[in-house]
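**Student:** Chain residues, written in single-letter form:
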Amino acid sequence: AQKVTQAQTEISVVEKEDVTLDCVYETRDTTYYLFWYKQPPSGELVFLIRRNSFDEQNEISGRYSWNFQKSTSSFNFTITASQVVDSAVYFCALNTGANSKLTFGKGITLSVRP
Amino acid sequence: TAGITQAPTSQILAAGRSMTLRCTQDMRHNAMYWYRQDLGLGLRLIHYSNTAGTTGKGEVPDGYSVSRANTDDFPLTLASAVPSQTSVYFCASSGQGIGGYTFGSGTRLTVV
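Those protein sequences? They're chains E and X, same order as listed. Numbered according to this note's numbering, the first sequence terminates at residue 114, and the numbering increases by one at each position without gaps. Numbered according to this note's numbering, the second sequence terminates at residue 112, and the numbering increases by one at each position without gaps.
Calculated directly from the structure, the hints in this document are not laboratory data. Among the clues, some could well be false.
35 Å max Cα-Cα, derived DSBU-like pairs, lysine-lysine [said to hold, decoys possible]:
(1) E:K106 with E:K16
(2) E:K3 with E:K106
(3) E:K38 with E:K70
(4) E:K70 with E:K16
(5) E:K16 with E:K3
(6) X:K57 with E:K106
(7) X:K57 with E:K3
(8) X:K57 with E:K16
(9) E:K38 with E:K3
(10) E:K70 with E:K106
(11) X:K57 with E:K70
(12) E:K106 with E:K38
Simulated DEER-style distance windows between Cβ atoms [to be verified]:
(13) X:D62 with E:T9: 22 to 32 Å
(14) X:A79 with E:T72: 22 to 32 Å
(15) E:R63 with X:R17: 39 to 49 Å
(16) E:D55 with X:D38: 26 to 36 Å
(17) E:S12 with X:L41: 39 to 49 Å
Cβ coordinates follow ideal geometry from the N, Cα and C atoms, glycine included.
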């Protein structure tokens with residue numbers, strides 16, 4: 001069975017602060033994919049990143065960065081210099097193979113105050 | 001624009017009534033999925049289809065049924081709606097292998 005845990009439920013920061021969203025996953029498979037999605041107040045799900053289990057390199061995209069650590073089964077997401085537009089629900093998700101289903105964490109609600 | 005179309009966008013439904021949520025994709029993706037999103041529970045898989053003609057049960061299938069007569073369409077039916085089925089429903093699809101998932105814009109259903 002696969003599981004994704006997002007222990008933080010709500011985070012509130014002031015604009016320009018850095019914030020890290022935690023994600024811990026469980027799977028017995030050696031091949032798997034991890035995802036982050038953003039759900040802004042408008043409700044749609046926006047794909048942010050996909051990382052496969054064989055690529056532990058951290059990734060940076062503008063103000064976003066992701067830290068994948070297989071040793072701790074974590075795939076954390078950091079927003080640097082947060083902005084009000086970053087306010088959203090963020091989901092971490094896991095997929096473990098062909099015909100496997102995407103399993104989501106419960107989501108983290110991030111509020112960025114001006 | 002290629003993607004997934006869900007209809008209706010929102011609906012208020014009387015308990016005991018039936019309803020079909022529609023989902024159509026134009027990407028020729030093999031796999032399609034239905035998720036429900038509830039506050040504090042994230043997205044949970046209801047039913048899925050790996051290819052046309054096949055379907056399977058997800059985490060929370062009770063009270064729902066699906067069909068996959070062709071590649072493009074994956075309707076979700078509530079035979080007799082109950083208030084606990086009040087939720088936001090997302091349809092998604094994925095192509096060959098482990099690729100990205102494309103999500104529809106969701107259907108907000110309220111059962112009263």
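**Student:** So which of the earlier hints does this model not fit?
**Tutor:** 8, 14 and 17
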